[in-house]
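Novice: From first to last, the protein sequence lines stand for chains A and B. Quick note: the first sequence uses the numbering used here, first residue 1, plus one each step. Quick note: the second sequence uses the numbering used here, first residue 1001, plus one each step.
The hints are simulated quantities; they were obtained by calculation from the structure and are not laboratory data. Beta carbons are placed, not taken as given, at the ideal position from N, Cα and C, and that holds for glycine. Careful: at least some of the hints might be erroneous.
Calculated cross-link-like contacts (lysine-lysine; reagent style PhoX-like; alpha-carbon spacing at most 25 angstroms) [stated by the list, open to error]:
1) A/K23 <-> A/K200
2) A/K420 <-> B/K1186
3) A/K416 <-> B/K1236
4) A/K294 <-> A/K200
5) A/K23 <-> B/K1393
6) B/K1393 <-> A/K200
7) A/K416 <-> B/K1089
Just so you have them, the derived chain A footprint on chain B, three or more residues with Cβ under 8 angstroms [unchecked claim]:
8) 1079-1089
9) 1203-1210
10) 1233-1242
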Amino acid sequence: MTATTAPADAPKVRTPAQIRRAKVLSIVYFVLAGITLFAFGFGGEGSATFVLSRPQDAIQVGDITVPVAGLAFIVAAILAFLGAREWMRGFGSRTNLVLAIGIGLFALSFLAWAASGASFSLVGILQETMKRAVPITFGAISGILCERTGIINIGIEGMLLGGAFTGAIVGSTMGAVAGMIGAALVGGLLALVLAVLTVKFTVDQIIAGVVINIFVLGMTSFYTSQILVENPQLNNAPIMQAIAIPLLSDIPLIGPVLFDQNIFVYAMYVVVAVTTFGLYQTRWGLRTRAVGEKPRAADTVGINVYRMKYLNVILGGLVAGFGGAYFTIGSVGRFDENMTAGRGFIGLAAMIFGRWHPVGALAAALVFGFADSLQVKLGILNTPIPSEFLGMAPYAVTIFVVAGLVGRSRPPSDYKPYVKE
Amino acid sequence: MIDDSDQNQNPESDPVARYEEERSDSSLLTDMTGAGRVDWRNNILIPLLAILSALIVGAIIIAFSDVDTLRLWGSDPGEALSVTATTIKDAYVALFEGAFGGIGPISETLTRAAPLILAGLAVAIGFQAGLFNIGANGQALIGGMFALVVGFQFSLPVFIHIPLIIIAGLIGGAIWGGIPGYLRAKTGAHEVITTIMLNFIALRLVDWLLTQSFFQLEGRSDPVSKSVMDSARYTKLLDWLNPRYRVHLGFIVAILAATFVWWLLYRSTIGFEFRTVGANPDGARYAGMNVVFLIVAVMAVAGSMAGLAGVDLVSGTLGRATPGFIGMIGFDAIALALLGRSHPFGVVAAGILFGALAAGGQNMQVSTNVGIDIVQVIQALIIVFIAAPALVKAVYRVRGETRGIEVSSGWAT
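Just chain A, same shape as in the assembly (with noise of 0.2 angstroms):
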């Protein structure tokens, strides 16, 4: 722990796993620095214009135009700074901040190349971020629930989709919170079958995760085409409408992005503050993470191990159904076969790339959910880039994140079976 919590000013060894990783991640940073430099800088020209408001707000704040070719360079400029900066000293416990930091510049100065000669809603693809951030923070937040007691959740994905499927029937049927709850309740059922595999059985954790991903997807399959599609009435959930928060949805740029949006993306906030105030501050929270770091300690003063695994695993299937609702009441109102597609994959890379804490994992989220929303709003614009390309992004980014960071983030937990003596 010494490492990550010394102050990242002060003068220390780095490890030389450290040293990798950290040369690692600087020829990351110089790989963005040059194609930000050749792609966006001399490729770019033109000046492109961001929108920073809607036409229905309060407070209009102008467009901003910049020049394409000039921030390209400032920002390759910063980019091969950060990179050098790496390389040298590293940023210690600011690592991923600085990182995100750097991704985000990179982002702006991409967006700034593919909206030249146009004008780009900036609102409209950051509104469609926090929007796509929503199934991801959701499903990390389950990992984090159960991997700080010790349990591997590979199943988030089914959760997910079994929370999207009960959503849409439930919310048919009997309105959208019933659907809500409806979808918790799913997830959370689905959950206690992980934690009965994986406590009661020890089955090996990460088998027991994907039979739960195959289980529901065949499942949601099955009565896709069995039933909804046969009872379309079935499969036509109310759709949750944004509601605006009086005044503080009034605040140019930050309103309508933060404020301006429905219950899902309100609900998110309070699960990752309740999460980390109950993980850090609450007795149960204690509990949770003895027990996942070192079990037998948690034993020997009284924890009832079991009770807690089976607890938080349950919460945290709790947390992913009611997060996969959001992919039916929350967006669309249909079910469709797999429409998840591999978005609980990318919570649990949000997970990691949050450092296991939840304000790191809505953190990563965003970054996700802002590749995930290119493919949307970037296909307006004329870009040369295929559509396709950029529907991969997401993945392509949950790649770079795991390979890039799993080495510096320590799992809070080992995993093993926990066996009572």
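Starting from the known structure of chain A, arrange chain B on it as the hints suggest.
Specialist: Positioned in the frame of chain A, the structure of chain B alone reads:
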């Protein structure tokens, strides 16, 4: 920091003893050398009971799949019971007849089995080396696209063209499998996440390639590739009996591949090293093996087998590529590898069973009103019961030692 003094009594003092002990602990996969004693309880009885249990639970799920019958339970339970029983019986009879009821269905079963066996080998090789390869789908797509290019671009004699298309598929799959292997070995990125992400990337890459004029069939606006030349098509085996029997050379390729994998794993030095890395990476390192190279090699070999599954579809069953032509085969392969206990010949047997489920499921979908997706559910249930032998033991009161399967624990660093 977690210290693992609980787990290791004397880690440094006697690494060899610890290695031997851990090896015998996870000897599930290593003792099945094909030549050795067959552990009938773990390798025959439990899988059979797992299949039986899955079919029973599948029947329950079918019973809940018809809204009208469910309403009938309220008014006339006796009638509802008989309707439900008939539905389940008809479904399973159609399933069986579509799979084994004559030469045509058997040909269809073997046609479906070939890519499943190859993808199953891709997963099984990973399991043997302690890696969980969920990326068979992406590897098969890329392998198939490599084969496709060789298939439509060159005109060659059959005896050169078919080996060439197979090699192209092997290379494509090996590249797409080698990437997550390299990332795992060098950066510790878990292969479960990277292979799944590469699946999605491969899917979109194929979508894009199929809209490019080099690949796209002339005069078509939808994403369909050019057809593979006749000289590169897998020969149909039963063409002389009936041209509608689709079974082709791909099934023989799959059997040969399984035999090769058996030889590789159990009769070659590198295969021994693969299994050692899987059983005990530390032991492998102590013994002076190059673990980084081995992990990349395992994933590349696994990927090349999945690549052959792509070739099977492109050059055999389909004759061209369409978006996502591999379907769900890469995921069925996971269930299949577990059912076959990660042994190449177990995979062949399980592959034929799953081929039968696929062929029979098609027949069931056409002749009864039970959808083919139930097959997916049955397959998932099979893995649940296989992965948790304690569950099957408890239900059927099987005595004696049973073992589950372990692939990996934790996020590797």
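Novice: A separate judgement is required for each hint: does it hold in the structure or not?
Specialist: Going down the list of hints, with the structure as the test:
1. For the hint linking A/K23 to A/K200, the alpha-carbon distance of about 43 angstroms lies beyond 25 angstroms, and the restraint is violated.
2. Of the supplied pair hints, the one linking A/K420 and B/K1186 is violated, its CA atoms being roughly 36 angstroms apart against a limit of 25 angstroms.
3. Pair hint A/K416 plus B/K1236 does not hold up; C-alpha atoms about 50 angstroms apart against a cutoff of 25 angstroms.
4. Proximity of A/K294 to A/K200 is assessed by CA-CA distance (about 19 angstroms); at most 25 angstroms being required, the pair is judged to hold.
5. The suggested pairing of A/K23 with B/K1393 is violated, with an alpha-carbon distance near 52 angstroms, which exceeds 25 angstroms.
6. Between B/K1393 and A/K200, the direct Cα distance comes to roughly 14 angstroms. Compliance with the 25 angstroms bound is thereby established for this hinted pair.
7. Between the alpha carbons of A/K416 and B/K1089 the distance comes to roughly 43 angstroms, so the proposed pair goes past 25 angstroms and is violated.
8. Here the region 1079-1089 of chain B counts 0 residues with a CB under 8 angstroms from a CB of chain A, which misses the bar of 3, and the coverage is violated.
9. For a cut-off of 8 angstroms, the count of residues in the region 1203-1210 of chain B with a CB near a CB of chain A stands at 4, and the three-residue condition holds.
10. With 0 residues bearing a CB less than 8 angstroms from a CB of chain A, the region 1233-1242 of chain B misses the requirement of three and the coverage assertion fails.
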